[in-house]
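Student: What follows is the residue order along each chain.
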Amino acid sequence: MIVRRGPAIVLSLVLSAAALSVAPALAKDGGAAKDVDRDQCDPSSVSRAKLKVEQVDGNNSRLQVTGTVWSDDSDVWAWRLKHEGEVSDDGRARGSENSDLSFRVVRTMFNLPGTDDVVFRAENLRTGEVCRATVSY
Amino acid sequence: MGPILSGPQRKVRRLRLLRSPVALFLTIGILTAAGIIVGTNVLADRAAADEAISEARDTTQLLAQSVVAPEFPPRAVHLRPENATQYLIQLEKFDSEVQARLLKTDRPYRINIWSANGRLIYTSQLDVLFEDLFKNGSSGQPSLTLDDEQRRILRKGGVGSEIADPSRPEDLAAGGTEGMVRIYTRFVTTDRGSPSVADQRAAGRPVLFEAYFPVADLTKRRAQIFDAFFWITAGALVLLIAVATAILAGLTRELRKTAAERERLLVSAMDASDAERRRIARDLHDSVVQDLAGTAFSVSALARVPDLPDESRETLDTAGSSLRTSLKSLRSLLAEIHPPDLSADGLPAALADLIAPAGTLGIQASATVEGAETASVENVALVWRVAQEAVRNAMRHSDASTLAVTVRGDGTTLTLEVVDDGIGFDPARTAPDSYGLRGLRSLVADSGGVLEVRSSPGEGTTVRMEVKTP
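Protein chains in written order, with the numbering used here: chain U, 1 to 137; chain W, 1 to 470.
Treat the hints with caution; some may be incorrect.
Unchecked claim - Taking lysine to aspartate or glutamate pairs in the EDC-like style, the calculated list, with each CA pair at most 20 Å apart, reads:
| id | chain 1 | residue 1 | chain 2 | residue 2 |
| --- | --- | --- | --- | --- |
| 1 | W | 156 | W | 283 |
| 2 | U | 82 | U | 37 |
| 3 | W | 93 | W | 127 |
| 4 | W | 93 | U | 89 |
| 5 | W | 93 | U | 54 |
| 6 | W | 468 | W | 373 |
| 7 | U | 82 | U | 129 |
| 8 | W | 220 | W | 55 |
| 9 | U | 50 | U | 129 |
| 10 | W | 93 | U | 39 |
| 11 | W | 328 | W | 286 |
| 12 | W | 93 | U | 129 |
| 13 | W | 93 | U | 42 |
| 14 | U | 50 | U | 123 |
| 15 | W | 468 | W | 410 |
| 16 | U | 50 | U | 117 |
| 17 | W | 328 | W | 283 |
| 18 | U | 82 | W | 286 |
| 19 | W | 93 | U | 90 |
| 20 | U | 82 | W | 97 |
| 21 | W | 328 | W | 307 |
| 22 | W | 328 | W | 373 |
| 23 | W | 93 | U | 117 |
| 24 | U | 82 | U | 39 |
| 25 | W | 220 | W | 45 |
| 26 | W | 93 | W | 191 |
Please keep in mind that the hints were generated in silico from the structure rather than gathered at the bench.
Keep in mind it's a predicted model, so treat the numbers as computed, not measured.
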């Protein structure tokens, strides 16, 4: 029987790539999790948000949480970081020309036993547009 | 290149250097300064250690009141294992502030906050807190507690400090607390202007703030404080010694110059006196002595003329005898003023002249010289001077019946002994140097010799001098 190797190799590579792209990150408790979440905010606007959670270097007990909003304007945004449903920190910020019309919030949270649910919420105080990103770490 | 010195010369120079007041002052000064520096070091070290601890206590109080208290969420005092997640989240912002403002400086190394009921409600070493809340918390009782002193500070205020004990669970941390000092003080929670009723209710509660400082930091600080003390003390002492030494060296130089000038004048005066005495002795010897000798001879010769009446012969014999006695006394006096020959060969004759007047005092005197043929002129002069003084003393004060002057030499040492069997004296009551021997003693010492006077009441007196022959 004559086997045509070319299509078989191509098929294998495609399937492997697909499998890698859809494989979820492993959470610290072994479950599936992701450490980055992006939100398009209002589909009709150009604003978008991102939440990234990572372990602080050399410290198992703390997480570094980074929330970013790109808004293409200099409106004031009210932001809030929640951890396990409790408000960890909140404040107001706005982007500027110097920061490419974006703002970034960097905070540390406790790396509690089990999965840590972190929510980053930002609301444009002028337009009422809301961005929300969630990470279970 | 300096002169080549012989062994004894080097020794003399070394001795002179050691006896120098500047060397003596420097030695005493350096020893005293070393003692002061060592003593000051001990005291300053203690003071510096106390000061370093005191600074750490002040720092702890300052951190508690101005950094921790205004940021601490009051509701965290309710932290329990059953509500841990809810209240821990409230501490996250505080933790961020603490991490940024306190711990990034590495001073203090770790902080703890304890509630009024003795539960650990925050520590920068989070794993210790999580361990206490989530693993040991099932019983509801905290595994970490405060000691009595901490509870007292929590109740009454103040500041406490202790060396951390790594075997104590409260002091145990991931980084280890070996070589740490923990300092604790109380602060009171505030509502931080929060409109929350829960925050306002939790405000006004005492909590204990505890900070760990590495001993190495305190030691370093102590060294910084101590170094300042050390250099101030040591520098001042060294400067003082240097200035005092310079002043002393100048004064000593002046003193030596003055002493040398005085010695030179003294020597000149002695030389002049010696020359004058020599001239007087020579003149007397060449004129009066010769004349007296001639007259005595003539008178004696005249007394032997056969035709002379007995009365005149007796008168002439008496006059001749008197002239001879006077001549002998005059010769002794001349010998005393200046001995005619002070070489080794002339020493026996000079000593004989010296003791000649003893006969007229009823003292049986003798002078013996043995083995002094090789003695130097200086040593012979020294022997004669000491013998002169000792014989004069014996004749004036001893009331002796015999007086023996003996000089012996063995090639290396020349010894003089003047022994009388007189009344003697008690050296404890009468200083042996009272009879004009003080000056001689220093003269003998300067020549490297020794002069001693032995006597006791009723046992006579012995003056003994020993000097090395070159």
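Student: Next, verify each hint and record whether it holds.
Tutor: Now for the hints, and whether the structure bears them out:
| no. | hint | in the structure |
| --- | --- | --- |
| 1 | W:156 with W:283 | violated (110 Å) |
| 2 | U:82 with U:37 | holds (14 Å) |
| 3 | W:93 with W:127 | holds (17 Å) |
| 4 | W:93 with U:89 | holds (6 Å) |
| 5 | W:93 with U:54 | holds (17 Å) |
| 6 | W:468 with W:373 | holds (14 Å) |
| 7 | U:82 with U:129 | holds (19 Å) |
| 8 | W:220 with W:55 | holds (12 Å) |
| 9 | U:50 with U:129 | holds (15 Å) |
| 10 | W:93 with U:39 | violated (25 Å) |
| 11 | W:328 with W:286 | holds (15 Å) |
| 12 | W:93 with U:129 | violated (26 Å) |
| 13 | W:93 with U:42 | violated (29 Å) |
| 14 | U:50 with U:123 | holds (14 Å) |
| 15 | W:468 with W:410 | holds (10 Å) |
| 16 | U:50 with U:117 | holds (15 Å) |
| 17 | W:328 with W:283 | holds (16 Å) |
| 18 | U:82 with W:286 | violated (137 Å) |
| 19 | W:93 with U:90 | holds (10 Å) |
| 20 | U:82 with W:97 | holds (17 Å) |
| 21 | W:328 with W:307 | violated (30 Å) |
| 22 | W:328 with W:373 | violated (27 Å) |
| 23 | W:93 with U:117 | holds (17 Å) |
| 24 | U:82 with U:39 | holds (16 Å) |
| 25 | W:220 with W:45 | holds (12 Å) |
| 26 | W:93 with W:191 | holds (15 Å) |
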